[in-house]
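Asks: Knowing the structure of chain A, use the given hints to seat chains B and C on it.
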Amino acid sequence: MWQTLPLWPVRASTLADRTDALMIFMLAVTGFFTVMIFILIFIFAMRFRRARNPVATQIEGSNALEATWTLIPFGIFMVMFIWGAGIYMTWAQPPPDAEEIFVVGKQWMWKFQHPEGQREINQMHVPLGRAIRLTMISQDVIHGMFLPEFRVKQDVLPGRYTTTWFQTTKPGRYHVYCHEYCGTAHAGMIGEVVVMEPAAYQAWLSGGNAEGSLASTGQKLFQQLGCATCHRFDTQGRGPNLVGLYGKPVLLDDGRTVTADDNYIRESILTPGAKVVAGFRPIMPTFQGIVNEEQLLSLVAYIRSLSQPEQREPVRNRAAPPPHPAPSPTRSR
Amino acid sequence: MHDSTVVAARGLRHHFADMEQQRASATLGMWVFLITEIMFFGGLFAAYLVYRTTHFEAWAIGSAHMDFWIGTINTVILLCSSLLVALSVHAIQVGQNRLCAIYLWIASAMGVAFLVLKGIEYHAHYVEGAVPGSLWRLQVADSRTVQMFFYIYFVMTGLHALHVTIGIGLLAVIGGYAAKGRYSPTYHNPVHVSGLYWHFVDVVWIFLYPLLYLIPHPKA
Amino acid sequence: MATVTVPAVERENYLNTDFTVKSWLLTTDHKRIAILYLLSITAMFFVGGIAATLIRIELLTPAGDLMSSDTYNKMFSIHGIIMVFFFLIPSIPAVLGNFLVPMMIGAKDLAFPKINLASWYFYITGAGLLMYVILTGGVDTGWTFYVPYSSTYSNSNVITAIAGIFLAGFSSIFTGFNFIVTIHRMRAPGLTWGRLPLFIWSHYATSVIMVLGTPVVAIALSLVALERAFHMGIFDPRLGGDPLLFQHMFWFYSHPAVYIMILPSMAVISEVVSTFSRKRIFGYMAVALASISIAVFGFLVWAHHMFVAGMSAYAALVFSLLSYFVAVPSAIKVFNWTATMYKGSVSLNTPMLYAMGFIGLFTMGGMTGLYLSALGIDVQVHHTYFVIAHFHYIMVGGAVMGYLAGIHYWWPKISGRMYPEAWGKIAAGTIFIGFNLTFFPQFVLGYLGMPRRYHSYPPEYQVLNVMSTAGASILAVGYVLPLAYLLWSLRYGEVAPDNPWAATGLEWRTPSPPPTENFPETPIVTWEAYDYSTVREEPVAR
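Protein chains in written order, with my numbering: chain A, 1 to 333; chain B, 1 to 220; chain C, 1 to 542.
Everything labelled a hint here was simulated from the structure, so no lab data went into it.
By construction, the Cβ of each residue, glycine as well, lies at the ideal position given by its N, Cα and C atoms.
Hints are not guaranteed to be accurate.
[What the hints assert, rightly or not] Computed from the model, here is a short list of chain C residues facing chain B with C-beta under 10 Å:
#1 28
#2 30
#3 176
#4 213
#5 220
#6 223
#7 233
#8 238
#9 248
The shape of chain A in the complex, shown without the other chains:
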């Protein structure tokens, strides 16, 4: 019967347990007060109906009651706020050791990219029990990644990366929905997450990634597009040395300091004039229209791999080893 009339979604992630606990609390509290109001209105309508109570007693009000029914609800609301905020802050902060999967949304499909090289369309295989972080971008309009059984949702924007994360607790197949209206086949932009036992996931991963890892794809592109001409690793080139750059602060020529994160790298490739590193001239050409979002992700993965091995590298990354350590590339000369 529950197949045809499900009333509650399956719990398949660590966040789901916490979200459902708050949900049940809220159902209990709001249910109680709603029923109370319904009952009071019903009782008053019966007990004080005109036939039984022809003359009303004029009562101006009561400051004590006003204070009571202001402060008690407010107190309850603050409990709801704090509890909900706690869950949200967990949702908003992926663990640093989370495994990465890259997602590109476009009208009307999801493209999942594993760092090890596996590409999937509308289906995402993940290992059970590991924290998985999704780094997502849209190729066109705003989409939304919604994984109801994991209680996770995040808008997928054009023009900048957004992230979300989850850690699964039950193997199985679960829904992937696009929740942000995106045009004709919005309702068709759905898929499934396949949560596998770690051993099965390993087996799946190693079957068929002839292209190599995402970072190695990025490295090939880096050479092919001529990036290495200016961004040299051995000497100071016309562009900053990118080794060890990822995640570090960068001083710009207008005095601002920004962090070299995924969005910074992507922006620097597409609109290099927007943020010019201090001490360098704004001569980098734009690659807008030359690289698509998936290629950008591979470049991001490659540049990540150029940082210290223990930072930001997926567990089974097979990228090229970093070159000789170079002087710190981001201080102005």
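Replies: The following block gives chains B and C in isolation, referenced to the frame of chain A:
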């Protein structure tokens, strides 16, 4: 009783109890309307501020391509015209109908001068290639964002110019009524209320001018 | 003392003073303008309702088999645009507010009667543009017009739709500022703020929101239209723009807009609960100030629509906290209305049934707002059927029931006729049952994960969708009934006395229907609001 008829000589509308109520209502009405206008322009100012914060260099480049002199002269023109409008209200308060009308008409003409200069300025932008989109020809760094500056510039000053146009007509018409003797020291609220509108148009420009024309260049 | 009623047809009133079309289309009488709005708003309600009917029929089956995806997307877009901008926002203010605000304060008309008429012309021109949009291919952006879909990708009549909404927005602004000036400047002597009916307090708060918020959405939508026309990139990331800027500007109005939609209903409920309990509203000042607080706090919470939009988590914390603040005054009102019935003398006429339904359903809808304000829950239910259920509980279970309560309550005053009470009760009950069956299953669907704006859905959601559609069919019957019997009553209804409900309030101290100038002389008010000792009549037994 049928629908409203204007008691033309005294100007009292039938649904008001007395002139004081009518005057107070019209004035409050204009103030509330101007608040809606502030919210209307406010959205554009908000967009301007967001992009200026995230793309300051491009904004400075855009501002450097503005015609400082036309902008400054236009500011002076509007300020003077507001002074004349204030004087026109004073004139009618002391019964000088003709002077009131003249001040209003000169202010209206100054509004026209503002629009003419604006038109010259827009044309110069067009010739220079500073119109965003397919007509863009300026060679600047981060040309995409500088185009955004110009887009916001055209929308904000265009919307402002629309309001100036309405104000020109309003002042001219009210000036005409003043010349015909419709107003007096005891009844001249339409002059006052139209003046409020014109002052508002002026104040919007006072904000637009420094934000668009006077952005300092960042230290190199 | 019994009231001797001269039959309406003999006495001159605002309806029979002139029957020409010109006298209606060029009227500046606020009561006639209210009737013009009543007719056009009713028409728009049924247009939006037809779209809803088609949506619910499509959703009977998991597959998208009744209409194409594009058509479905246009259905929910048109439904939302019409219901929000052309029905809910104007409804009570433009119909009941226009009719009653001058009368309740003892004035002959609003401060700016010609602007009032102009507001109606803006409205129907805007409505006409939307009809044109429907007939020439529709619009498929959703009523929220998110960019870059609406500015760059949609292939539908976006600009024309925006133009129509822009005009409706002007209509709203004019109504709002007319009310503000009228309430400030045209109250009868002795009618201090503390003696005003709560209907006026609520409409004042509504008008403040209309005046401050509407221009911002006007500009936001204008920029979308400009971007569609000139492709200059203010919201397009490929050209350096930020799609979230649109969302902030849009919701800055559209959140307070929901308070424009609910405060007037609350205004009606205050009047109805008082009259049918024959008792002053419990905590008059608390309710009055709660209206104002809702208007103020309502402007501070807009980004609770954007918790997962890509906004900073710290901003989300602030907006979640503020959203809980705005819930408090609504709760206060519900408690005060309930307390008003205590030791009152309650009569369960149709308006009172609607009011009681409102209190129950608005409570449920408002409570579910608490879920949405909880950040952790919102991650799950944002943009699912949970949200749809939440706002329909408030808008339909709340605002529309309040509208119907008001229409029935003031029908004798507006038309000079009584509606048939038995049918009124039947319709109220039908609507209550149909409504709950339609929308309660949607809460479950939402938490399960069914996203909104979905043309097709996984099969396991079908049973709940079928329940919802069944409810919608009952609800539809419930809405057609008042249309039928109210029209019937114009000809065959019992002639109404001046004050059938023995209510306080200046509007009941005029004939039903009133003469054009409302009051032969301006009344002088020396009594508090809801002072039943000043009422001479007895309520008619029904």
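Asks: Determine for every hint whether it applies to the structure shown.
Replies: Verification of the hints:
1. Given hint, residue 28(C) at the interface with chain B, holds; its Cβ is 5 Å from that chain's nearest Cβ, closer than 10 Å.
2. Because the smallest distance between the Cβ of residue 30(C) and any Cβ of chain B comes to about 9 Å, under 10 Å, the interface hint for this residue holds.
3. Using the Cβ-Cβ criterion of 10 Å, the hint placing residue 176(C) at the interface with chain B is satisfied: the shortest such distance is roughly 8 Å.
4. Here the hint on residue 213(C) is kept, as its CB sits about 7 Å from the closest CB of chain B, short of 10 Å.
5. The beta carbon of residue 220(C) is positioned within 10 Å of a beta carbon in chain B (closest approach about 6 Å), and the interface hint is therefore held.
6. For residue 223(C), the shortest C-beta to C-beta distance to chain B is roughly 7 Å, which falls under 10 Å, so the interface hint holds.
7. The criterion of a C-beta within 10 Å of any C-beta in chain B is met by residue 233(C), whose closest approach is roughly 6 Å, and the hint holds.
8. Among the interface hints, the one on residue 238(C) holds; its C-beta lies about 9 Å from the nearest C-beta in chain B, closer than the 10 Å criterion.
9. Here the hint on residue 248(C) is kept, as its CB sits about 8 Å from the closest CB of chain B, short of 10 Å.
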